[in-house]
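Here is how the chains run, residue by residue.
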Amino acid sequence: MKITVKYFASIREALGQGYEQRETTAITLADLRNELLAVSPAHAQVLARGKPVRMALDQMMSDESAPLREGCEVAFFPPVTGG
Amino acid sequence: MTGRVAVQTEDFDLSTEIAALRVSDKRVGAVCSFVGTVRDRNEGDQVATLELEHYPGMTEKAIETMIDAAMARFDIFAARVIHRVGLLQPLDQIVLVAVTSAHRGDSFQACEFLMDYLKTQAPFWKKEETPAGARWVDARVSDDAALARWGLQATNC
Numbered sequence: 366m367k368i369t370v371k372y373f374a375s376i377r378e379a380l381g382q383g384y385e386q387r388e389t390t391a392i393t394l395a396d397l398r399n400e401l402l403a404v405s406p407a408h409a410q411v412l413a414r415g416k417p418v419r420m421a422l423d424q425m426m427s428d429e430s431a432p433l434r435e436g437c438e439v440a441f442f443p444p445v446t447g448g
Numbered sequence: 012m013t014g015r016v017a018v019q020t021e022d023f024d025l026s027t028e029i030a031a032l033r034v035s036d037k038r039v040g041a042v043c044s045f046v047g048t049v050r051d052r053n054e055g056d057q058v059a060t061l062e063l064e065h066y067p068g069m070t071e072k073a074i075e076t077m078i079d080a081a082m083a084r085f086d087i088f089a090a091r092v093i094h095r096v097g098l099l100q101p102l103d104q105i106v107l108v109a110v111t112s113a114h115r116g117d118s119f120q121a122c123e124f125l126m127d128y129l130k131t132q133a134p135f136w137k138k139e140e141t142p143a144g145a146r147w148v149d150a151r152v153s154d155d156a157a158l159a160r161w162g163l164q165a166t167n168c
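So the sequence lines, in the order shown, correspond to chains R and Y.
The numbering used here applies: residue 366 is where the first sequence begins, and numbers increase by one.
The numbering used here applies: residue 12 is where the second sequence begins, and numbers increase by one.
Check each hint, because a few of them may be wrong.
To be verified - Taking lysine-lysine and the PhoX-like style, the derived pairs with C-alpha atoms no more than 25 Å apart in a straight line are:
no. : chain 1 : residue 1 : chain 2 : residue 2
1   : Y       : 37        : Y       : 138
2   : Y       : 72        : R       : 367
3   : Y       : 138       : R       : 416
Since the hints were derived computationally from the structure, they do not count as laboratory data.
Since the model is a prediction, treat every value here as computed from it, not as a measurement.
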């Protein structure tokens with residue numbers, strides 16, 4: 366299926382992109398994270414398990430068990446620091 | 012009155028916002044507000060500028076959700092949250108939370124609840140310019156703990 370993936374803050378900077386359209390066979394956010402880990406050394410570093418990466422699915426904070434849907438929007442970002 | 016939430020580069024005026032929030036609402040007996048401002052130091056280092064990034068769309072939704080949660084939890088009439096993004100300097104205002112209620116307790120609590128919620132659940136990121144270069148600000152475990160006081164799990168850090 367086709368999905369949109371967004372990256373923010375330090376993750377966006379490390380990957381050199383804030384946005385991409387992807388064709389994926391991932392069922393869940395966890396599957397997608399695994400898929401992305403294999404894309405490049407930079408991906409492997411910033412999305413590594415054990416790093417405090419937060420995820421959103423269709424603009425809602427989500428955990429890795431969340432299932433993807435055709436056309437959904439996924440985002441990966443570091444812990445938030447607003448306020 | 013404009014919407015409950017604004018994410019903007021422009022500054023805001025506390026008096027104007029509070030006036031708009033309580034305009035012609037005769038039930039209001041208490042107004043509480045919090046204004047966050049840019050400090051010139053963090054973690055012992057001088058901070059020259061602070062740049063705020065956000066997730067357009069999600070940020071607004073996340074704040075709307077937290078206002079809904081505050082309205083459900085406390086006896087408040089109205090709430091307004093403004094958060095600035097872009098490049099800011101020490102002394103600049105960053106964030107406003109303002110709440111109205113009949114009695115002070117609910118306003119005080121809702122104001123703090125909204126800030127605790129925002130700190131750990133709204134997608135904003137700060138990058139600061141220090142003498143050693145630019146760096147992303149680390150999230151604080153104490154902010155997760157602050158939200159936990161309300162019985163909510165933050166899991167930001």
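The hints, checked one at a time:
no.: 1; hint: Y:37 <-> Y:138; verdict: violated, 42 Å
no.: 2; hint: Y:72 <-> R:367; verdict: holds, 24 Å
no.: 3; hint: Y:138 <-> R:416; verdict: holds, 19 Å
Comparing the model with each numbered hint stated earlier shows that hint 1 is the single one that does not hold.
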